[in-house]
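Colleague: Here is what each chain is made of, one letter per residue.
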Amino acid sequence: MSLWRGLLASLWTTLRQLRRRDTLEYPEQEPKLGERWRGRPVLTHDPDGEERCVACELCSAVCPTQCIALEGADRPDGRRFAQSFRINFARCIYCGLCEEACPTLAIQLSPEYAFAKTERGDFVYHKEALLIEGTGKHPEYRYYAHAGVRTQALPKPVHCDPRSNLP
Amino acid sequence: MCDEGGQCHLQNMTVASGHAYREYEAEKRRYQSQELGPLIRQEMNRCITCYRCVRFYQDLAGGEDFGVFGSRDRVFFGRLQDGPLESPLAGNLAEVCPTGVFTDKVYHQDYLRPWDLEESTGICPHCSLGCNTRPGAARGRLRRVRQRPHAEINPYFLCDRGRYGFRYVAAENRPRQAQAGGRSQDFDGVLDRLAARLAEGRTAFLGSPREDLDSNLALFALARVLDAPFAAFFEPWEEAKAREILALPRPPAPASIPGYEEILVIGAVERVAPTLPLFLREAQRRGAAISLLRCLPSAFATLAVEDHLLPPADLLDAAWDWLGRRHHRPFLLLIDTESVGPELLHLLRREIGTWPDGSGILPVYRQANLPGASFYAVDGHASRLRAALAGNDCDHLLALGQDPQEMDLPWWRRHGDIDLSLIDHRHSLSWDGAWLTLPCAALSERPGLYYNGEGRLQAAAAAYTPAREERRWRPELGPFPLAAGGALREEVLPSPMALCRALAERLELSERWQERLRFYRDFLLRAAPRPGDPGVFLPEELRARFRLHSAPPPRATDQGWSVCRFSHYGEEELADSARELHSLAPARAAWIAPGQQDARHIRLRAADGTSRTLPLRALPGMAAEVLAIPRAELVFLGLRPGDGVEPEWLD
Ligand code: SF4
Ligand code: SF4
Ligand code: SF4
Ligand code: SF4
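Protein sequence lines, in the order shown, are assigned to chains A and B. Number 459 in my numbering belongs to position 56 of the first sequence; there are no gaps in the numbering. Number 278 in my numbering belongs to position 298 of the second sequence; there are no gaps in the numbering.
For the record, the hints were derived by calculation from the structure and aren't laboratory data. None of the values given here were measured: they were computed from a predicted structure. One or more of the hints may lead you astray.
[Said to hold, decoys possible] In silico SDA-like cross-links for lysine to any residue, where the CA-CA straight-line distance does not exceed 20 Å:
#1 K85(B) with Q486(A)
#2 K530(A) with D90(B)
#3 K8(B) with I28(B)
#4 K520(A) with F460(B)
Please model the complete structure; the sequences and the hints are all you need to start from.
Modeller: Below, the structure written as structure tokens:
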């Protein structure tokens, strides 16, 4: 009995699939991606239009394929920024660890997945190609509102003047 | 963005103890950090009030311009005002501070996380102590140098010259192109021309006390197979001094200084070997009696039991007086060989047998490999070389790692027709006017062997291969290179050894040259140390060779004003090209004791009639009737420390 039940159930399941189709005619039809889709990493700006990346090199440290290389420099106001930023997408496995590690939410995995190249060298994206206009998936986040020195906002510290207790 | 990240004790402890989230509710104290000059960066908000910085800076290094201010939650570590730190050991703050309050500013400009650096084992090439270093490089660039402890030489600390002097490798004017007659040419063409000139047999060879042993031997072997004159020094005076240094019995190690109870310091040792004062202070803390003979201000003036401020020519007699007293316990003489002539060393060396057992002389000088350069070229070779050049034998000088014009300009003014070819990694005075120039790899870019002031042979590994980053990978640069794409295009310059080999090949003397080289190397290096080894000592029989021929060189004459060399602690041929360090050097001037003259300028004349005008500055704490002038001026005028001069005072 249960054998027939089993056979019928599986036949039913198979028949049920006849009307559904997961295969798309890809270039003409775009797939609908899930919200947490992990595609090509990008660098983002904060809501004020400042580059978020502070060149802390945590993303490059955590990247399991070591495809990120960057070097920082100081802005005139003392804030650090990435002077050069390079990701080799021929190696990237879209694991998202860089995004996870980034304290400033600068690096984010975008939904972009279709960027085939004919030459390996073209997979190396520099900062100009990585940096996008907007804030990415965190429209409100300002790292400097949460941590670190605020470059303009605070008044000069009043206490701790080294001369204060000299005779 | 804290530079200490990756090497921060506070961070490590925080993570280890699990305090990953902050629960402190009260307002955090905030500081205005100070601007501490080009070498050290301060970010006072990271301080954990551990006091390591003051304990190092004041108690160990004896610095007076840095300290702790305030109390309770207002405590602040810094200077009274912004400004560069004055101690020549200030760079160590970046290492003693466990958090990121003090970090290395020079490294910051070229910063890469410490886990990305490749560290190797190096030897500091900036003075005769031969401190052990740990250069860190990445992506074809040398980014920082830190200390590597050596129990006998530098147990913990490096001086700023050793820490920041490496930046000469990135000097803007560092030569990278071979030149012929001032015009760039490819290496092969220049080597061909040089080989043709060498084949004429009218060439003299000059080695260098700042180059490593193998480079000197390679050049010496080349001179030998060509049967040409060779010297390691261009100045006979310097050469005599080197010979005296080599003839000394084995000097004590710097780390054994605190074991002495009586120490006589002659000259400004802390300007020559800035790490040395750490040992002297330690000795003083243990109760040693330090005596000073000096003509320039000294950091020990307040510590010494005896302090004599003398013109350079009187140093010898004063040293003699000191030695003449009854000493029962072993004592130590620390000699800055830049302020004394060979005669003092010579006389002291002859006396040393009569001193109590265990006494010693530790000479200091800026050339890191002086014994290594001078073995085969110390006995009147410089005079012979000059005679050959001045006479009809030679009309071409091939100098390696040394600029003969920087040693004695008056002589070159007289013999302007001699062609000069240079092999060097620094843009020296004669570079632009030289006949041929061949740039070579910097000392950190190749392995090397160095004899330090104690006669200890130490090996340095090549720290990195210089390379320029190509932003894009191109197939013609080879297989796909860096993980993150791009490419490193190596910009390797040949080592002096490779250049000598190329010359020997062109002259078809390759085999004889190699045979010679092997012979000298076997003779000198029965057991060559490897990088990281503690080092092996100069064999006594080699030292003994220099104890022969011991006629004392003539003493300088004293007439009225005498000159001595004024130097900045960061000054040394290579370190001079390190931009950040050099920016701290005082302006070019002549220095005299305050209240001696109202003039504002001074004119000094050389024997050949050329003259030099220098601004006059007062330097508190120096001897009367002494003029301290920088080395470049001494060389221009053809003067040596201790020589008498007749200054012309100008307004
Ligand atoms: S997604 Fe993963 S592999 Fe790709 S850059 Fe980020 S960390 Fe590296
Ligand atoms: S982790 Fe973020 S802030 Fe740090 S370097 Fe990478 S992208 Fe920049
Ligand atoms: S060593 Fe660093 S953390 Fe310690 S007191 Fe000094 S500045 Fe503060
Ligand atoms: S004392 Fe001399 S050898 Fe040591 S770090 Fe300083 S310059 Fe280098």
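Colleague: Decide, hint by hint, whether the structure agrees.
Modeller: Cross-check of the supplied hints:
A threshold of 20 Å between alpha carbons decides the hint, and for K85(B) with Q486(A) the separation of about 17 Å falls inside it, so the pair holds. A threshold of 20 Å between alpha carbons decides the hint, and for K530(A) with D90(B) the separation of about 18 Å falls inside it, so the pair holds. With a CA separation close to 13 Å, the supplied pair K8(B) and I28(B) stays within the 20 Å bound. Between K520(A) and F460(B) the CA atoms are separated by roughly 15 Å; this keeps the pair inside 20 Å, and the hint holds.
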